[in-house]
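**Q** The primary structure of each chain is shown beneath.
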Amino acid sequence: MTTIHADTTGPHGHDAHHDAPYYASKGGLFVNIWDWMTTIDHKKIGVMYLFAVLAAFALGGAAALLVRMQLWAPTTTVAGATGEAVVTGMWPFASNLDYNKAFTLHGAVMVFLFIIPSIPAALGNFILPLMLGAKDVAFPRLNLFSWYVYVIGSLFAIASIILGGVDTGWTFYTPYSTIAEEYGRVIAMTLAVFILGFSSIFTGMNFIVTVHKLRAPGMGWFDMPLFVWAIYATSIIQVLATPVLGITVLLLTIENVFKIGIFNPAYGGDPVLYQHFFWFYSHPAVYIMILPGMGIISELIAVHARKKIFGYKFVAFSSLGIAAISFIVWGHHMFTSQGELASAIFSGLTFLVAIPSAIKVFNWTATLYKGSIALTTPMAYALIFLFLFSIGGLTGLFLGSLSTDMHLHDTYFVVAHFHYVMMGGTVMAFLGGIHHWWPKMFGKMYNERWALVGAALVFIGFNMTFFTQFILGTKGMPRRYATYVDEFQALHQLSTVGSWILGVGFLIHLAVLATSFFGGKTAPPNPWGGLSLEWETASPPIEHNFHHEPVVRHHPYDFDTVVPPQTVPGEFPVADPGGKGH
Amino acid sequence: MTTIPTSRGGTGEPWERYKHQPHWRNNADEFEAAKLGMWLFLATELLLFSGFFCAYFVLRMFHPDSFRGASEYYLNWQIGAVNTVILLISSWNVAVAVRAAQLGRKMILAVNLFFASLCGVAFLVIKLSLEYIPKIQKGEVPGGFFSYAGGHGYEPSAYDPVFLSVYWVSTATHGFHVLVGVLLLWWVGWRALKGHFGPKHYTAVENVGLYWHIVDLIWIFLFPLLYLVP
Amino acid sequence: MSVLGLTPTTLATGSVWGIGRGLWFGDQASTIAPRIDSLFMFIFWVSTFFFVLIVGLMTYFVIKYRRLPGVAPHRSASHNTPLELAWTFIPIFPMAIMFVWGFRDYMHMHIAPAGAEQIDLRAQRWSWQATYDNGANPTETARVADMDVPIIPVPAGRPIKLVMHSTDVIHSFWAPDFRVKMDVMPNRYTTTWFNAVPGATQFDENGQPLPYTDHYLFCTEYCGDQHSQMAAILRVMPAAEYDATKAAMADIFEGRTPVEVGAILYNIKGCVACHATDSRRGTGPGWGGIWGSTHRVRMPDGSVTDVVVDENYVRESILVPAAKIVDGYPNQMVSYQGQLNDKELDALIAYIRSLGSGQ
Ligand code: HEA
Ligand code: HEA
Ligand code: CUA
Ligand SMILES: [Cu+2]
Chain A
1 MTTIHADTTG
11 PHGHDAHHDA
21 PYYASKGGLF
31 VNIWDWMTTI
41 DHKKIGVMYL
51 FAVLAAFALG
61 GAAALLVRMQ
71 LWAPTTTVAG
81 ATGEAVVTGM
91 WPFASNLDYN
101 KAFTLHGAVM
111 VFLFIIPSIP
121 AALGNFILPL
131 MLGAKDVAFP
141 RLNLFSWYVY
151 VIGSLFAIAS
161 IILGGVDTGW
171 TFYTPYSTIA
181 EEYGRVIAMT
191 LAVFILGFSS
201 IFTGMNFIVT
211 VHKLRAPGMG
221 WFDMPLFVWA
231 IYATSIIQVL
241 ATPVLGITVL
251 LLTIENVFKI
261 GIFNPAYGGD
271 PVLYQHFFWF
281 YSHPAVYIMI
291 LPGMGIISEL
301 IAVHARKKIF
311 GYKFVAFSSL
321 GIAAISFIVW
331 GHHMFTSQGE
341 LASAIFSGLT
351 FLVAIPSAIK
361 VFNWTATLYK
371 GSIALTTPMA
381 YALIFLFLFS
391 IGGLTGLFLG
401 SLSTDMHLHD
411 TYFVVAHFHY
421 VMMGGTVMAF
431 LGGIHHWWPK
441 MFGKMYNERW
451 ALVGAALVFI
461 GFNMTFFTQF
471 ILGTKGMPRR
481 YATYVDEFQA
491 LHQLSTVGSW
501 ILGVGFLIHL
511 AVLATSFFGG
521 KTAPPNPWGG
531 LSLEWETASP
541 PIEHNFHHEP
551 VVRHHPYDFD
561 TVVPPQTVPG
571 EFPVADPGGK
581 GH
Chain B
1 MTTIPTSRGG
11 TGEPWERYKH
21 QPHWRNNADE
31 FEAAKLGMWL
41 FLATELLLFS
51 GFFCAYFVLR
61 MFHPDSFRGA
71 SEYYLNWQIG
81 AVNTVILLIS
91 SWNVAVAVRA
101 AQLGRKMILA
111 VNLFFASLCG
121 VAFLVIKLSL
131 EYIPKIQKGE
141 VPGGFFSYAG
151 GHGYEPSAYD
161 PVFLSVYWVS
171 TATHGFHVLV
181 GVLLLWWVGW
191 RALKGHFGPK
201 HYTAVENVGL
211 YWHIVDLIWI
221 FLFPLLYLVP
Chain C
1 MSVLGLTPTT
11 LATGSVWGIG
21 RGLWFGDQAS
31 TIAPRIDSLF
41 MFIFWVSTFF
51 FVLIVGLMTY
61 FVIKYRRLPG
71 VAPHRSASHN
81 TPLELAWTFI
91 PIFPMAIMFV
101 WGFRDYMHMH
111 IAPAGAEQID
121 LRAQRWSWQA
131 TYDNGANPTE
141 TARVADMDVP
151 IIPVPAGRPI
161 KLVMHSTDVI
171 HSFWAPDFRV
181 KMDVMPNRYT
191 TTWFNAVPGA
201 TQFDENGQPL
211 PYTDHYLFCT
221 EYCGDQHSQM
231 AAILRVMPAA
241 EYDATKAAMA
251 DIFEGRTPVE
261 VGAILYNIKG
271 CVACHATDSR
281 RGTGPGWGGI
291 WGSTHRVRMP
301 DGSVTDVVVD
311 ENYVRESILV
321 PAAKIVDGYP
331 NQMVSYQGQL
341 NDKELDALIA
351 YIRSLGSGQ
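Residue numbers (the working numbering), protein chains in the order written: chain A, 1 to 582; chain B, 1 to 230; chain C, 1 to 359.
Take these hints with a grain of salt, some might be off.
Claimed, not checked - Taking lysine-lysine and the DSS-like style, the derived pairs with C-alpha atoms no more than 30 Å apart in a straight line are:
1) 200/B to 213/A
2) 259/A to 135/B
3) 313/A to 64/C
By construction, these hints were calculated from the structure, which means they are not laboratory data.
Can you build the whole structure from these sequences, using the hints too?
**A** See the structure below:
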């Protein structure tokens, strides 16, 4: 049995302030604000990202609730008392156009402002260097710069709303997006996406170099926690795919300003070319969204079940597998607009990309076998993830198969599919990760019972909101519809009620975390008995992360043999060698 | 960093005192990391331009004749060729500059950097004065603003604006990269004069050099595609 | 109809995978529909199997191996290569079936049988305009999603090839009960085909069975404001009746006054998407009471003048809408040059005049 010497031995000849938590006050209010705004500490930048993406999530979520409100009833024109025409069912929006702007806002904010930066830039920034035993990311100034780039990009997005909003859908398909009368806003929005892309590229570059060059002594590639593997794979996609999005939206912007004709058929261009460009980024982007979530799930399941992850190498390599295959399946979004041969190839490859995801799901399930499973909030979210992501991923098979996609394309079935993977997958993992690392980030525990109540409501509300949408889709409800035929009303209403339950669940989480932030119990350095390096430093970590550069002597998942650092002996018993138990 | 025999030493120049940022273990790690980061960035640049190349190939596949005609009529391959040569020379200067930094030859370093930047300026001047400005005057501009009426026995085809769109967008983006490159060369050149670079520390020279090579490389692709359509 | 889909029809089609179909699908009104539904149900049952397996095991493990205070976990294997290889390769088999099956039916949907009757379908914001091989256009309309949309008759049991084209942005043809979808592009023609079969019997207000069945046609590519109202009805009728209907539609003027024809054209040419027949504002101005009134318009050069709404102005507005833009409206109307003949233009003008003259 190895014991690990945790990094608790004190400053050793450093100044006292080296011992203070990273967020310790540096002086008056303005001094502190200045300190945060100019910080190159990855932890502070991570926290700033966390708040920024949560704000984006709240904005996107508010738009989602309005979208669902509108879909409560179809629009109808009836004769009023004096014979004039009265429109009913138009609430909260006054017109189709306003609804169209709302779902575009929702989709664009959720994708570009929230989900893509969410896990890598917020949790990744905070945790990844700690997990590697590094003092910071490779390029700290670039890191801060990418936060500012993110903020500037977001301001452009908000400007497009203030100017009056964009109604193109988050995909900005041409020629619709290039012939709009008020194209100024489309320009603001596409420029926003362009700028946000740079933020994403910089973050990805930073993490790749960090992983290559800043691993603690003794940490080989296969001693890295799986979260690091996942972020690494994500970063590769970010670096290789985002430039194509950049050029796409740049061309779109130039197309609007200078009326060039690359995508616009009126000038001889080709709108399907735009779709190829867009999806060449946006399909890999869906794995930018899910891979970090999968990384979190690997951590949550291993730590909270106290089990070595089953098939570490399969899980690690499947991340790279997903990253690689993700670049060659983009055409499955275009089965109805491209040629037969291309469709057939893309369909086949789409099935291929399901395999690495399937491997992970099976490995996680197997990890639970003979574990010591604590039903904490992070574990609850890991289980919710398994449940929802399986549904989301498996419904991807219906879409990947050619003839069924002919029916399902651009219906609510697709809407349900991607909410099950993005919300049911990534957002659930993000929430699990927030709760898992919350004590580390802020040094406070949260109220487990209320957090579990929140998780239960989110689970119920989510399924109610989106399972109904699968049925809506197969029965004939197209997406991006401000109004619909009466047959669909009952299912739409169920879905809308579900979105309220979901909203309540999130409010409970918000309250739990706020309470913890302002008055929670002080967290121990290693509340869950984790073995990766972030648990070896204090909660919250000191400014330079560790007093001494940590040296890695065991695998991050050796729960059978290693007593977790900084825990009370016996709190997290190691397996007895005889293999008895239960 | 590999140690390269230096012709001079102990001059007390700033590069000898260079200390890595605190989160690195040593200068060598930092240098390697910066270089890896630069390569990644250059990969993104290549991918960005590959977008133009794809657009080019697809549109050319749709309108092969008009692309051939337009390229021949609107573009003068001699101008393109001169610019290609200029950029090739500048690339050679940059390579020499990096070597000079490794050897600690301050003046060779600075002179080559400035000469390379002059080449960049020449490239831009030629581009502007011989191509862009006359083209704008004649209305040989992309898409919806295309207003060239023809002449010299040439009838503009309906797809000329498409070719010109690709031409303008890709060369302008490339030109912007050249401009950035020139500014970067000035910046490292100035720092070179102040003695910031020597055998033990020349990260910025190395990285700006890599960037400049890539910008050249992209032009090497753009030139035949746009000017020499068979 | 039963919830599990075990209806006489599903049993009759002999599809075992059809069990549970009723939860998912509506009517099957084309020959391809049962094939697509069968594949859907195949994937559904494969997915259900894996889902139940995973969630079942997960739930079992969570209960069985829950953490108990002071109890140390077992030591257990942390990998097992044969097992992992097994679950890497086993999913390939059902997926290979999905792929081949999907591909086969997809090709079937894409290659119209020789000799299929052709219908031209033009999509334009925000309406569908069908033209039959005898030049006829639909004349009847129905109300769908708060919009008057054309009823497009199609024959049962005879393959129909659609040749589709858009005059503005991308639209997409989708007939959910046919399970057929295809994008409609502005820069090229796209085609798809179907062989309709009557859906489940439909009834009129008096409970009498109708001799035809109506099925929705939706636009499934986002195309702007009224994307959600860009619908039509596909009316599946016996072939003989279809031929008669088509012949009767051939001359829209037969037995109708110009105003009546104008009212029909208003619906089937898509004016309805943007113009109200009273004075309400839509994407374009309402037509009620505009005749003879004075309108402020913007000219292409940006100047503003007043014009009186008369035959010439209306004619120009339809053929060259951009020539005079009504103040306060976007330049969104597309030209109808070549889509309306002189007689039809006159009918539309007559119709607008009939909507009352203004002050
Ligand atoms: C997080 C984001 C995310 C993820 C991870 C995925 C994952 C997958 N997606 Fe999804 N997808 C989106 C986000 C995502 N998608 C979005 C946003 C859109 C719509 C965009 C728009 O139009 O607006 C979309 C649309 C979309 C389409 C286009 C639909 C259309 O418009 O017609 C298709 C078609 O093939 C598809 C397929 C798949 C497949 C096969 C996977 C696979 O990777 C899934 C793999 C997972 C599993 C298979 C489940 C787990 C495994 C098991 C439970 C074991 C058993 C497994 C087997 C038997 C195989 N997706
Ligand atoms: C990450 C991605 C993401 C997420 C999380 C969501 C979340 C939700 N989405 Fe959506 N959605 C998209 C991405 C996402 N969506 C995209 C890309 C589209 C396509 C757009 C297009 O077609 O162009 C789309 C489209 C879309 C539609 C289809 C619109 C149409 O086609 O006409 C609908 C309809 O119901 C919908 C609903 C919802 C609902 C009810 C939620 C709910 O889950 C939202 C719940 C959230 C809240 C209720 C907010 C509460 C938050 C707080 C109170 C703060 C919380 C703070 C802490 C936890 C600390 N979304
Ligand atoms: Cu037409 Cu949507
Ligand atoms: Cu995809």
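**Q** Against each hint, give a clear statement of whether it holds in the structure.
**A** We went through each hint and held it up to the structure:
1. 200/B to 213/A: Distance ~19 Å between residue 200/B and residue 213/A Cα, so the pair holds.
2. 259/A to 135/B: Status holds; Cα separation ~17 Å.
3. 313/A to 64/C: holds (27 Å)
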